[in-house]
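We have chain A; now place chain B onto it with these hints.
Protein chains in written order, with the numbering used here: chain A, 5 to 406; chain B, 8 to 239.
Because the hints were derived from the structure by calculation, they are not lab data. For clarity, every value in this text was computed on a predicted model and none was experimentally measured. All C-beta atoms, glycine included, are put in the ideal place defined by N, C-alpha and C. Don't take every hint at face value.
[Unchecked claim] Per the computed footprint, the stretches of chain B lying under chain A, defined by three or more beta-carbons under 8 Å from a beta-carbon of chain A, are: (1) 58-70; (2) 87-100.
[Said to hold, decoys possible] Counterexamples of contact, computed for chain A against chain B with all Cβ distances above 12 Å: (3) I33; (4) G45; (5) T71; (6) M101; (7) A122; (8) N225; (9) E239; (10) N251; (11) L277; (12) N278; (13) A377; (14) T380.
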Amino acid sequence: MYLEYIKSALSSIRSNKGRSFLTMLGIIIGIAAVLTVLIIGDGMKATVNGELDSIGATSITVSMDSTKTDKKFSPELLNDIEENIDGIYGVSPSQNMGGSFIVRDNLTYDAYISAGFAAMEKSGQVTIVHGRYFSKSDVDEAKKVIVLSQTTAKKIFGYENVVGQSVQLDAYGPVVEFQVVGVRKDMTLDTAFASFSDSPTLMADAPYTSICDAYGIASDNIESFSIYLEGENKEEVLSKTRSVVENVMGLRGENAVKISSSLGFDSTTDSILNIITSVVAIIAAISLLVGGIGVMNIMTVSVTERTREIGIRKSLGARTSSILTQFLAEAAILTFTGGMIGMLLGITISYIICKVIDFSFYVNPMLVLIVVAISTAIGLFFGIYPAKRAAKLDPIEALRTE
Amino acid sequence: MKKLVEIKDVCKIYNPGENEVRALDHVSLIIGEGEFVAIIGQSGSGKSTLMNMLGCLDTPTSGKYFLHGQDVSHMTDDEQSDVRNREIGFIFQGFNLIPSLTALENVELPLIYRGVGKKERENLSKAALNSVGLSKRMTHKPNEMSGGQQQRVAIARAIAQAPPILLADEPTGNLDSGSSKEIISIIKRLYNEGRTVIIITHDPGIAKQAKRIITISDGKIVSDMMNPDYVD
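Chain A extracted, bound-state conformation (with noise of 0.2 Å):
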């Protein structure tokens, strides 16, 4: 029966081709933007993220919660886990510090120098250059040894290639001689950071030992620390870690351990991401709006137009619920056509300028789904006042207009 009342809905649908086109355009358009800025924003999400995956993705960084405990980490706890948990490259503390190069009298440069172990090598930022990275008895000896950005290099000696060569390195006070055993690409951090300050800020990366012993430091106060992962293995490694930082620090159940699976850089740009994209759906969903009105108005019209056809039509025994299926029908047909035309359009207009500005394009199954059945919604809740009005109408009234 309703597959009839469907019927009837396409055929009077069919035989007003040209303003059932017009209505649906509104709704096309609507679609078309919406979806076009969420494939959009799905593609520039993806891209950034991708951009920022090189930078933190294949690592762990372990922390407190420095609300809950003061304890820090210590070495053999690092070296712990090193031994204890399969799948990981190596442990590191990321320890940055400051300070600032000597270059001769009266010229200094800021130095932000990570501090760390020799598995800081596989973090997937480092690419040594020339010379090599500092190794694990570099670590071990506690050597004065440092690896130098190509940035770094340049500023100070004038050239890139300065292995063998030493810098000074003022501590807050004690100058400390290191000797440069490698250089490495400036990293997408470096540049990042870089940006913040207008002098330049060298970067360095130095054996954590020596570090420690240069600025008098004890070594067992690690407070953040960082695991490099070799595949696909992130949560396994994560809840080992978890277990046994908790077990050998006595902070079972306490909640103190804060593990994040990047550098907090995912998260941040995701949400400024997410942000943008919702504000400007809402102003496309309000295109949306505007194209269900006019359903609405056209549907009114349509009503008012065929209050004869509605009159016959209870003549022969259509009840209030018929008329009523019948003109929602139509108008939820005519938003779910405009709807997957719109769609058609958007994931075209969408595809090219993600081609043209080169985000990565993909479609989300989900969202297919969610506009089709938004799409077909609008009719339906903008369809309900007309189909209501049709459905009350008076027989004897409906039949006597002209």
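Just chain B now, with coordinates in the frame of chain A:
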């Protein structure tokens, strides 16, 4: 003869109060199965109101209407729809076909509302169109047919589901004399096949075709007699 329609002391009052209009004023009427009745009256006589009442399109202000022994005078809209669908085949002055549908689809409409399956619906509708001589016009839309043909489609629609009553409201009012004759002869044939036919008209020439003539004036039945000039 079994009672088909029984109207008891029915009044229909519009605008109750000072300017009230008594469209029907204590009307009582019995029509038996298989009768051929014409209800004749001038415009404003209340014949349209009576026709709406008989067709279950309207409910009386007071009084009772029994159709097939069932009290249909106070029903909900949907119950009335069901009774119309089951009991009454309408033939209107203005044909009242739906312009966007073909002849066949128009005839199928009451069957759709009755819930008849597609196959049977098509067979019944085709048979009805055949019986009014339109087997070659099934796929035509109303605007592709003459007035007489359109009225024949309307008749086919009224008889397709074999309702007990055919209710014709000025069936020839919009037709030329040739088509009128054709329509009247089809209606007569349907009566001869055993259907109950009620024609509402202001035209004595049409009324004369019926076997029983009821005259209505000022909302009252003023005469009800067998037609002495009736010819089969």
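Name the hints, by number, that the structure is in violation of. When the structure is compared with the hints, none of them turns out to be violated.
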